[in-house]
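J.: One-letter residues, chain by chain:
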Amino acid sequence: SQTIHQWPATLVQPVGSPLSLECTVEGTSNPNLYWYRQAAGRGLQLLFYSVGIGQISSEVPQNLSASRPQDRQFILSSKKLLLSDSGFYLCAWSTHLRVGTADTQYFGPGTRLTVL
Amino acid sequence: EDQVTQSPEALRLQEGESSSLNCSYTVSGLRGLFWYRQDPGKGPEFLFTLYSAGEEKEKERLKATLTKKESFLHITAPKPEDSATYLCALGNAGNMLTFGGGTRLMVKP
Numbered sequence: 001s002q003t004i005h006q007w008p009a010t011l012v013q014p015v016g017s018p019l020s021l022e023c024t025v026e027g028t029s030n031p032n033l034y035w036y037r038q039a040a041g042r043g044l045q046l047l048f049y050s051v052g053i054g055q056i057s058s059e060v061p062q063n064l065s066a067s068r069p070q071d072r073q074f075i076l077s078s079k080k081l082l083l084s085d086s087g088f089y090l091c092a093w094s095t096h097l098r099v100g101t102a103d104t105q106y107f108g109p110g111t112r113l114t115v116l
Numbered sequence: 001e002d003q004v005t006q007s008p009e010a011l012r013l014q015e016g017e018s019s020s021l022n023c024s025y026t027v028s029g030l031r032g033l034f035w036y037r038q039d040p041g042k043g044p045e046f047l048f049t050l051y052s053a054g055e056e057k058e059k060e061r062l063k064a065t066l067t068k069k070e071s072f073l074h075i076t077a078p079k080p081e082d083s084a085t086y087l088c089a090l091g092n093a094g095n096m097l098t099f100g101g102g103t104r105l106m107v108k109p
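Each protein sequence line maps, in turn, to chains A and B.
Using the numbering used here, the first residue of the first sequence is number 1, and each one after it goes up by one.
Using the numbering used here, the first residue of the second sequence is number 1, and each one after it goes up by one.
Certain hints may be false.
Stated by the list, open to error - Some but not every residue of chain A turned toward chain B, in silico, with C-beta under 7 Å: (1) W7; (2) P18; (3) L90; (4) D103.
Unchecked claim - What the simulated footprint calls covered on chain B by chain A, stretch by stretch (three residues with Cβ under 8 Å from a Cβ of chain A suffice, anywhere in the stretch; the number is not a length): (5) 25–39; (6) 53–67.
It is worth saying that the hints were derived from the structure and are not from the lab.
The beta carbon of each residue, even a glycine, is placed where N, CA and C say it ideally should be.
Just chain A, same shape as in the assembly (with noise of 0.2 Å):
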């Protein structure tokens, strides 16, 4: 079966400090990479997605980044932080197993980033 693992499990940084969260799956091959953002009381807001090594998409402009340094590997980083960068990080895998339908997106663990 497959598992997903994201750590550290919660962080607090300083303002300007850098980031680095990571992200495995194990269990599959060749799978799609999400990194999501959650913010207190309100939805999910995509990241970045990566459909294989190395190839990387950017949904929102920000003072984040995304790595693929291998096939069940995502990490996602800093330079500095700033406080809006606060929230809670989800990290996804999936799949594509239906032609003409979206993948079922599967959650790890979470961190929770506090910026002071």
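Given the coordinates of chain A, work out where chain B should sit on it, guided by the hints.
T.: Just chain B now, kept in the frame of chain A:
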């Protein structure tokens, strides 16, 4: 532009009191309507996918239905452990999901 609106934002039920959550949507080409459950501090857990109007899916006390403009998540005889935020999401031709704001369900014993 794809849009998803969930109502109500919050719903309080007594244990055993059945109700429905609504997800209204507009999309140029529906590629799936997804329901998730999210507990506080955790990632969303996949519940159902519906692909065409008239389709229904059930899991324990939950039943999801789909029309051309909205989806309902019916909860029959809910229990306190059904308390969570329920999210619906719209799948489009670009294989992306657009999420609604969620309905926070509280079931009191």
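J.: For every hint, state whether the structure bears it out.
T.: Going down the list of hints, with the structure as the test:
{"no.": "1", "hint": "W7", "in the structure": "violated, 13 Å"}
{"no.": "2", "hint": "P18", "in the structure": "violated, 24 Å"}
{"no.": "3", "hint": "L90", "in the structure": "holds, 5 Å"}
{"no.": "4", "hint": "D103", "in the structure": "holds, 6 Å"}
{"no.": "5", "hint": "25–39", "in the structure": "holds (count 4)"}
{"no.": "6", "hint": "53–67", "in the structure": "violated (count 0)"}
When each numbered hint is compared with the structure, violations occur for hints 1, 2 and 6.
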